[in-house]
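So the protein lines, in turn, are chains A and B.
Each residue of the first sequence is one higher than the last, beginning at 1 in my numbering.
Each residue of the second sequence is one higher than the last, beginning at 1001 in my numbering.
Since the hints were derived computationally from the structure, they do not count as laboratory data.
It cannot be assumed that every hint is accurate.
[As the list claims (entries may be wrong)] Restraint-style ranges between C-beta atoms, simulated for each label pair:
hint, chain 1, residue 1, chain 2, residue 2, range
1, A, Gly332, B, Glu1341, 47 to 57 Å
2, A, Gly376, B, Asn1185, 37 to 47 Å
3, B, Lys1345, A, Gly332, 53 to 63 Å
4, A, Glu116, B, Glu1013, 48 to 58 Å
5, B, Asn1322, A, Thr237, 47 to 57 Å
6, B, Glu1013, A, Gly376, 51 to 61 Å
7, B, Lys1345, A, Lys227, 47 to 57 Å
8, B, Glu1375, A, Glu13, 51 to 61 Å
All C-beta atoms, glycine included, are put in the ideal place defined by N, C-alpha and C.
There are 2 protein chains.
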Amino acid sequence: MAKKAYKELRPPERLLLGAGPSNIDPRVRKALTSPIVEHLDPYFMEVMDDTVELLRYAFKTKNRITLPISGTGSAGMESAICNLVEKGDDVIVCINGFFGGRMKEMVQRCGGNAIEVKSEWGKIIRKEEVEKALADSNAEVVAIVHAETSTGVLQPLKEISKLVHQYNALLLVDTVTSLGGCELNVDEYGIDLCYSASQKCLSCPPGLAPITANEKAMDRIRNREAKVQSWYLDLSTIEEYWVENNHAYHHTAPILLVYALRESLRLLYEEGLEERWRRHKKSCSALIKGLEAMGVKMHAQEGYRCPALTAIKVPEKIEDQNVRGTLREEFGITVSGGLGELKGKIWRIGLMGINSNRRSVILVLEALEQALKKEGYPLKPGSGVAAANKVLS
Amino acid sequence: MAKKAYKELRPPERLLLGAGPSNIDPRVRKALTSPIVEHLDPYFMEVMDDTVELLRYAFKTKNRITLPISGTGSAGMESAICNLVEKGDDVIVCINGFFGGRMKEMVQRCGGNAIEVKSEWGKIIRKEEVEKALADSNAEVVAIVHAETSTGVLQPLKEISKLVHQYNALLLVDTVTSLGGCELNVDEYGIDLCYSASQKCLSCPPGLAPITANEKAMDRIRNREAKVQSWYLDLSTIEEYWVENNHAYHHTAPILLVYALRESLRLLYEEGLEERWRRHKKSCSALIKGLEAMGVKMHAQEGYRCPALTAIKVPEKIEDQNVRGTLREEFGITVSGGLGELKGKIWRIGLMGINSNRRSVILVLEALEQALKKEGYPLKPGSGVAAANKVLS
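Work out the full structure, taking the sequences as your base and the hints as a guide.
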C-alpha cells in the first residue's frame, strides 16, 4: 500500500484581526529561529532573568514572582486559581462574559465555592455588587476579568481593588487581552495576582502565560493547608526554577517560546508602555468612528471599551459566517465571532500589538464594507474609511 | 535615568547531547517561521488532523484520542494522571528513578493513594513486584516509566502489561524519552494511556506533550464521579477541540509549535519508525563501545539500556561540573548531569532524533576524552573513537 503523502506546510498569509492570536512581529519570528540551548544552560538563565525583568516592566510591578507559565492563557488562569483557592474556600467570581464563566468552572474544580457577581455580557461589573458579595460572604479571593475577550469590555479595577482590600480579600485579575495594549498598572491598582497570554497585545506566538503575584498572594500560597492540586502550575515550586538564583530544575521550559517572549517584551520596552497604550487607543477610536459611520452598532458599554478589542453587533438579517468567510477568503483577514451566548450575534475585531495601526484599520473597514455589501447591507461607499481617517491623520 | 539596554538574542550554537531537548531539525525550524493563522482557522484544522494521524503513526496506535497537550512533558504526565485518578483511588506507581517519583507526587496531588513498587535507580522494575502490588491492593491503575530519563533504563512493558490487565487495571506509561527513538508499540503492548514530549527523539522544540488514550481509558475518564480537577488538561473536553470534526474551541493551541510538531512527525514518517529505531540502536551501541573502551562504566542495567539516552558513572575523583563545563565551553556540547540522588554521580548522554548519528558519537567521545584528561583521568588517546568506529562503519 502506498504511503499517504503529507504535504509541506503552507499556511495562508492572514491579517489576524480577531480576538487573538495577533500576527507575530518579524523580530519575534527571527528570535524563534535562534539556536536552542538546554533549559539549564547558563545562557538560557540569562534569557530567563531578562524575561522576568521585562515582564515586570510590562505589568508595571515590582513583584518578585513574575514569570511565564509554560502553557497558554488558560493555563495561566488555572495556575492563578489553583494556587489561591483551596477546597471549601468561598471565592467571588465576577462574570460578565465567557472567561468569567471559565474562571468559575476552574474555581469549582479546585473545590472552591464560587459566589457569582454577574453583569450582562457587554457591561462592566458594578463595584456595588462586588461590595455586597464581600459583605455577604467570607470570600478571601475576588476574581475578575480586566479585558473580557468575549465582549470587548474593559473593566475599571481601582475602586473594586480598594473594596476587596477593605474586606481583607485578594484581587485576582485576568489580563489576557490587556497586557501590553491597555493601561494596566499592577502595583498601583493593587492587583494581588494576575495572568496573561503571549499571543495578544505582545504579538508573540501562543504557548506562554505571563503571571505575577505579590507577597500577600505568595504568603497565602505558601501557607496553604493542602498542596496546590496541580504540580505543573504550582507557583511555589516554579519560582525556584524561574526566579531563584540557582534556577533549580522544575520542568523543561518551552525554550524557543521564551526567546520569542523576551524579544516581544524587548519591543514593548523600546516603544515604551505608555506610547503603546496611546497607539492602541488611537487605532481603536479610529476603528469605532469608521464602524459607526457605516451604521454598525457597538456591543460593549460606552466608556468601557477595550482598546485592543472591539465587539460589534452582527447587523440584522446578516449571516455571521458569510461575512467572516468573505473577510477570510477574499481579503485574508481573520475576525472572530461570538462565544457562548454571543455566538452568531457579535463580531470581535482585535487591533493588538503590531496589528494596532492605520493599515489594519483601513483594511478591515474596507473589507467589512465589501463583505456587508455582498450580503445586501446598505451603506455609503467609503464612509467607514473616511471617518476613520479623520482620527488617524 | 538611562534605560537599561537588553541585547539582541545570540544564543551559542550547542550540540545538545544531554537528556533533552535535542537539537531541532532544520525543516522543523523552517516550519516555525510559517505564517500564523488563528486556532480556529480552517487551515489550522487540517494541520491538527494531520498531526493527530501522524501521532497515531508515531505511537503505533489506532486510538482515536491521540493529540498534543499544550504544555511540556510534565503537563502530559499531569494530564494522564489527573484524568485517570480520582480522590481515594489506589494507584500503583513504579519508581526506579526521578520521574517515577514525580508521578507519585502527582498521584498524591490528585488525592490518590500511591502504592510504590520500587527498584534501584538504574535497574528495571520487576514484574513479580508489580504482580505482588496488584494482588495486595485494589489498584485500578498502574503507572510506569518506559524510558527513565534520569537513569537511562528502558523498561520492558509487555509482561507487566499482561499482568496489569489480568487484574483488570489500566496501564499508564511515561514515554517521554522513548517516543520516536525507541521501540514502542502502544496497541501491541496494551498500553491504555501514555504521554510523551516534543523535544526529545522528535527533535522539535519543547512545549507540547503528545498523549494517547484507548477506549478503556476514556471510558474510565468519562465515567468519573468527580470532574477532572484540571480544566486545562481534561481529555474529555480537549478531545472536542482536537479530535471532533467541528473542532470546538477549548483553548488557543500553541499554533507554531503544532506546525513544528507536524513537521517533525512528517520527518519521522518519511524515515520510517522501524528505521528510526534501528538508527538509535546503532548510534547508542557505538557510543557504549567507545565509552567502555575508555574505561567508563555504564550506570543502567545491562540488557535494558535506552537507545536514546546513555547514563554513565562519573569516574572516581572526577568533578562532575568541571567535565560538563569543559564540554560546554570548549566543545559546545551539552551533556546532562544526574538528578535527585544521582546528582554528581552520573552523566547522561542523549543521542536523540537528528542527533543520533555518527558525527555526534565521534564528537562526544573525543570531547569527553579531552575533558577527562584535563581532570587527570588516565586514558589511551583515541581509544573511544576507534572502538565506536568499529560499530559505525
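Hints, one by one, checked against the model:
With their beta carbons about 56 Å apart, Gly332/A and Glu1341/B fall inside the hinted range of 47 to 57 Å. In this structure the supplied range 37 to 47 Å is violated for Gly376/A paired with Asn1185/B, their Cβ-Cβ distance being about 58 Å. Roughly 57 Å separates the CB atoms of Lys1345/B and Gly332/A, a value that falls within the hinted 53 to 63 Å. Our hint of 48 to 58 Å for Glu116/A and Glu1013/B holds, since their Cβ atoms are close to 54 Å apart.
At roughly 29 Å, the beta carbons of Asn1322/B and Thr237/A sit outside the given window of 47 to 57 Å. Range check, Glu1013/B to Gly376/A: Cβ separation about 59 Å, and the 51 to 61 Å hint holds. Between Lys1345/B and Lys227/A the beta carbons are some 29 Å apart, a value that contradicts the proposed interval 47 to 57 Å. Checked against the given bound of 51 to 61 Å, the beta carbons of Glu1375/B and Glu13/A, roughly 54 Å apart, stay inside it.
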